Amino acid sequence: MNLVAEATDLTAHYIVDAYGQKRTVRAVDGVSLAIRRDEVFGIAGESGCGKSTLLKALLGAITPPLTVRGGSVSYYVDRQRMDVLRMPEEDLRALRWRVVSYVPQGSMHVLNPVRRIRSTFRDFVQAHRQVGDRESDEMARRYLDGLGLPPKVLDSYPHQLSGGMRQRVTIALATILAPPLVLADEPTTALDVVMQRAVIGMLEQTRREAGGTLVLVTHDLGVHAHLAHRVAVLYAGQVVEEADANTLFERPLHPYTKHLIQSLPRIDDRARRVGIPGQPPALDAPPPGCRFHPRCPHAMAICRAEQPPMETVGPDHRVACFLVSGGAGDGG
Amino acid sequence: MAQAIVPAPAAGRQRAAGAVVTDLVRFSPAFTVGAVLLLITLAFTLLSVLSPYDPTDRHVVPADLAPSLAHPLGTTSLGQDLFWIMTFAVRNSLIVAGLAVVIGRSIAVVLGSFLGYTGGTVDRALSSVTDSFIVIPRLPLLILIAAILKGTLSLPALALLIGLLDWAWPSKRYRAQVLTLREETFTQTAAFSGMRPLTVILREHVPFLVPFILADAITGFLYAIGMEITLSILGLTDLAVPTLGTTIYWANYYQALLSGKLWWLIAPVAASILMVVGFYQLSTSLSQYLDPRTRARALARRAAT
Amino acid sequence: MRLLVSYVFPRLLQWAVVIVVGVTVAFAVPRLSPTQPVDQMLGRMSGMTATDPAAVASLRSAIIAMYGLQGTPLEQYGRFWQHLLRGDLGPSLTAFPTPVTEMIWQALPWTIGLLGISTILSWLLGLALGTLSAYRPHALWSRLLANGMVTIYPIPYFILALVLVLVFAYYVPLFPLVGGASGPPGLSLDYLGSIVWHAFLPALSLVLVLTAFRFLVARALASGVLSSDAVTFAETAGIPRRRIVSRYVMRNSMLPQITDLGLQIGAMFEGALITEVAFSYPGIGYRLFTAILQSDYNLILGVTLFSVVGIATAALLIDFAYPLFDPRVRYQ
Numbered sequence: 154m155n156l157v158a159e160a161t162d163l164t165a166h167y168i169v170d171a172y173g174q175k176r177t178v179r180a181v182d183g184v185s186l187a188i189r190r191d192e193v194f195g196i197a198g199e200s201g202c203g204k205s206t207l208l209k210a211l212l213g214a215i216t217p218p219l220t221v222r223g224g225s226v227s228y229y230v231d232r233q234r235m236d237v238l239r240m241p242e243e244d245l246r247a248l249r250w251r252v253v254s255y256v257p258q259g260s261m262h263v264l265n266p267v268r269r270i271r272s273t274f275r276d277f278v279q280a281h282r283q284v285g286d287r288e289s290d291e292m293a294r295r296y297l298d299g300l301g302l303p304p305k306v307l308d309s310y311p312h313q314l315s316g317g318m319r320q321r322v323t324i325a326l327a328t329i330l331a332p333p334l335v336l337a338d339e340p341t342t343a344l345d346v347v348m349q350r351a352v353i354g355m356l357e358q359t360r361r362e363a364g365g366t367l368v369l370v371t372h373d374l375g376v377h378a379h380l381a382h383r384v385a386v387l388y389a390g391q392v393v394e395e396a397d398a399n400t401l402f403e404r405p406l407h408p409y410t411k412h413l414i415q416s417l418p419r420i421d422d423r424a425r426r427v428g429i430p431g432q433p434p435a436l437d438a439p440p441p442g443c444r445f446h447p448r449c450p451h452a453m454a455i456c457r458a459e460q461p462p463m464e465t466v467g468p469d470h471r472v473a474c475f476l477v478s479g480g481a482g483d484g485g
Numbered sequence: 017m018a019q020a021i022v023p024a025p026a027a028g029r030q031r032a033a034g035a036v037v038t039d040l041v042r043f044s045p046a047f048t049v050g051a052v053l054l055l056i057t058l059a060f061t062l063l064s065v066l067s068p069y070d071p072t073d074r075h076v077v078p079a080d081l082a083p084s085l086a087h088p089l090g091t092t093s094l095g096q097d098l099f100w101i102m103t104f105a106v107r108n109s110l111i112v113a114g115l116a117v118v119i120g121r122s123i124a125v126v127l128g129s130f131l132g133y134t135g136g137t138v139d140r141a142l143s144s145v146t147d148s149f150i151v152i153p154r155l156p157l158l159i160l161i162a163a164i165l166k167g168t169l170s171l172p173a174l175a176l177l178i179g180l181l182d183w184a185w186p187s188k189r190y191r192a193q194v195l196t197l198r199e200e201t202f203t204q205t206a207a208f209s210g211m212r213p214l215t216v217i218l219r220e221h222v223p224f225l226v227p228f229i230l231a232d233a234i235t236g237f238l239y240a241i242g243m244e245i246t247l248s249i250l251g252l253t254d255l256a257v258p259t260l261g262t263t264i265y266w267a268n269y270y271q272a273l274l275s276g277k278l279w280w281l282i283a284p285v286a287a288s289i290l291m292v293v294g295f296y297q298l299s300t301s302l303s304q305y306l307d308p309r310t311r312a313r314a315l316a317r318r319a320a321t
Numbered sequence: 195m196r197l198l199v200s201y202v203f204p205r206l207l208q209w210a211v212v213i214v215v216g217v218t219v220a221f222a223v224p225r226l227s228p229t230q231p232v233d234q235m236l237g238r239m240s241g242m243t244a245t246d247p248a249a250v251a252s253l254r255s256a257i258i259a260m261y262g263l264q265g266t267p268l269e270q271y272g273r274f275w276q277h278l279l280r281g282d283l284g285p286s287l288t289a290f291p292t293p294v295t296e297m298i299w300q301a302l303p304w305t306i307g308l309l310g311i312s313t314i315l316s317w318l319l320g321l322a323l324g325t326l327s328a329y330r331p332h333a334l335w336s337r338l339l340a341n342g343m344v345t346i347y348p349i350p351y352f353i354l355a356l357v358l359v360l361v362f363a364y365y366v367p368l369f370p371l372v373g374g375a376s377g378p379p380g381l382s383l384d385y386l387g388s389i390v391w392h393a394f395l396p397a398l399s400l401v402l403v404l405t406a407f408r409f410l411v412a413r414a415l416a417s418g419v420l421s422s423d424a425v426t427f428a429e430t431a432g433i434p435r436r437r438i439v440s441r442y443v444m445r446n447s448m449l450p451q452i453t454d455l456g457l458q459i460g461a462m463f464e465g466a467l468i469t470e471v472a473f474s475y476p477g478i479g480y481r482l483f484t485a486i487l488q489s490d491y492n493l494i495l496g497v498t499l500f501s502v503v504g505i506a507t508a509a510l511l512i513d514f515a516y517p518l519f520d521p522r523v524r525y526q
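Protein sequences, first through last, are from chains A, B and C.
So the number in the numbering used here is just where the residue sits in the first sequence, counting from 1, plus 153.
So the number in the numbering used here is just where the residue sits in the second sequence, counting from 1, plus 16.
So the number in the numbering used here is just where the residue sits in the third sequence, counting from 1, plus 194.
It is possible that some hints are incorrect.
[As the list claims (entries may be wrong)] For each label pair, taking beta carbons as the anchor points, the in silico distance ranges come out as:
1. A/176 <-> B/215: 29 to 37 Å
2. B/173 <-> C/280: 33 to 41 Å
3. C/272 <-> B/173: 30 to 38 Å
4. A/291 <-> C/338: 19 to 27 Å
No wet-lab data here; the hints were simulated from the structure.
Since the model is a prediction, treat every value here as computed from it, not as a measurement.
All C-beta atoms in this analysis are idealised placements derived from N, C-alpha and C, irrespective of residue type, glycine included.
Make the full structure from the sequences, and use the hints.
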């Protein structure tokens, strides 16, 4: 079994019901992903496409107003399959950081502002390992040293560190126990280019040294190009295309994927970048049929009526588009 | 607690007043409790016009009678029917508190909005002065002023006094609210689309500020009732006029507790408690309604449908 | 050094502003009265004591000296400050020639004892209960407690005191109705015990209202912290609840409450004053009450001035203690 985690037909919505007014945001709608051991799996998409929600669901962190409407998430640990969404809370918490860990979006503010970094490391390590304070400090010191972070970071408070440094500390916090699955949500966003390089380098290094799978969520295709083995493209809460990185960048099939790739700046190509008109749909009222059809230059009649099925078009290459699967009369 | 409430713009934000009330009644038990107590209080107040006795008259009924059918709340040592006295007491306390709130909050709204929209050194300087008024304990000042004016302090004057000392903290809250509103996207959008500042204020901000001020005013009301009661019990107000506080004053003066005339104390104490609890419930339920965070969180539990 | 300038100095300035404003208002008020308090007092005085012309004359000049009623208002204002800075609040009118300061000093320990104990107890109780209630907002005990606090909070101090008097001194005669202690003063166990016995009801009255307020604020703040990024991250990482409450929630929600304490100390002081009157507890509040009954304007003025200076200074000291708790201010 070379899978480490899997999402099957996952549907998760935000349901807000206040003073008689109800709103449903369909953040993740029928998403299926198979994540393998020791790979870097990228999830790409614009902001608001549901990628953060997908990560939360993969993590099993379902708190109201987020509700799972259908589907499942499984981990494969020690040859056992674990149903994440139906697990009791304590079992799930025991898995965290040893089996799966998480680097949250907006990592700037996730560190406790009134404790030193050293104490925060103790909190995270001692929650899952029976070690004393001094042992934990030693682990942290060695780990940060190995990653090239100066030892005085441990003595500092979060507000004394730069944004990039805080981000790297957060990644170190998530990877110190070397879990086989790490989920990272926009680790390079809001950082300058130099810091981005450092963060990407750090992610590469942790994977190189400890192995394991990294699920990387970011809208920045450049990062995917650099790091990912396979990439899934998310649009309006659904997977529209998934392939290994080379294939995706060289032979994209879905119009949205093509658009994303075309809008990447290239050093030698000085042609003007063209954007697709329109905006991603609001997830509380997605368009009928294929959700991309209002912005798609190739939209056909069937695209407005039905959702395209996910078709396998090659080894490790899936697309959901009527252009590929054939339009007229094919249906579900 | 000068926490500014972040408004939720767009998406059907202005609901008609009637719809708001129905929403609150349906989903907020606190609001219902508060509204019911408020209505009872008002009804009781209205009874005062039916009173067979003039409230300042004394010895119109036999003194010191326990509650009975003839005198539902008993009678006082001054020979007054406590029931009818209480209708006036509640009425007068409400009037004093209402006037005080109007005076105090008017100053606060003007000052807070002015500082919030003006900014700069003027804002900093005046805010500093306002802060000092917040720290200064008001009760000793109120007592000092009331003691010196003793005998000349009519009900409206009392209201004026209380109101004139209760603008500092509210003005700070309104200023914070105005500052938050100025930073909101819908303000920037309106300004960029060429709306004149005054129009922005009137059309975009006021509809949000008004309910906020209303919910906040109730807190001022509670403070004013408390002050009236305290000053009257200390004997600093016009003791001939029945209010919640003066009733207790006279009860203490005639040793109601030690001589077993407990009804004389229990009536104003119970009335005070019911009133303040009711009003406070109203205030909290209104503020919760206005706070988008509470809305999303409080009722999302029902979401598993 | 920079801390001194950026933190200490503005607060010192604010403290000075508060005192100047407070003293000026206290100075102005007696002079704005349409009636002449001096002659009023004298009229009342000579009615009460024997009309010894020498005594009346010396009383008159003492009052005039205190009020500084000779000269222009500006001169009077200057002299007022001179007296204040010397710590001279003038003589009491009814206990002439006992200085007001002496009478305040006699009553002060009772008030400080009552207020101090009540503040500490209510702060600890309210903080602990409020934070825990924020963590379990839907538990039965949490909702009952919250409803109870919401009911108690708006009740005026005097009314609550009366309720306690009715219940515990009348219907269930457990506690004494009046006074601060009984028996001959001294360090005997009897005397000290009687102090506690007499202080119980006033303290209970104060603690109830103060705890209600602290509870509501703590609960609101803790809810805010609980939904913060740092706490969400810690929970995701499986850090045990107890650690999150003590190290994240308590510490972070405590900070704004310390500054809040500085602002609330005036209101708490007022509560103590009112409660003392209700229970005839021999503190400053009761002194103030008797001063009102006897029209001892000097004593009333003295207490007012003392309150302004005292509260402003207490608030300043609390402000100075704040950096001890918040590392963000300590390490710029």
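Quick rundown of the hints versus the structure:
About 30 Å separates the C-beta atoms of residue 176 of chain A and residue 215 of chain B, a value consistent with the hinted range of 29 to 37 Å. Separation of residue 173 of chain B from residue 280 of chain C is about 35 Å and conforms to the stated range, judged on CB atoms against 33 to 41 Å. In this structure, residue 272 of chain C and residue 173 of chain B meet the distance hint of 30 to 38 Å, their C-beta atoms being roughly 31 Å apart. In this structure, residue 291 of chain A and residue 338 of chain C break the distance hint of 19 to 27 Å, their C-beta atoms being roughly 47 Å apart.
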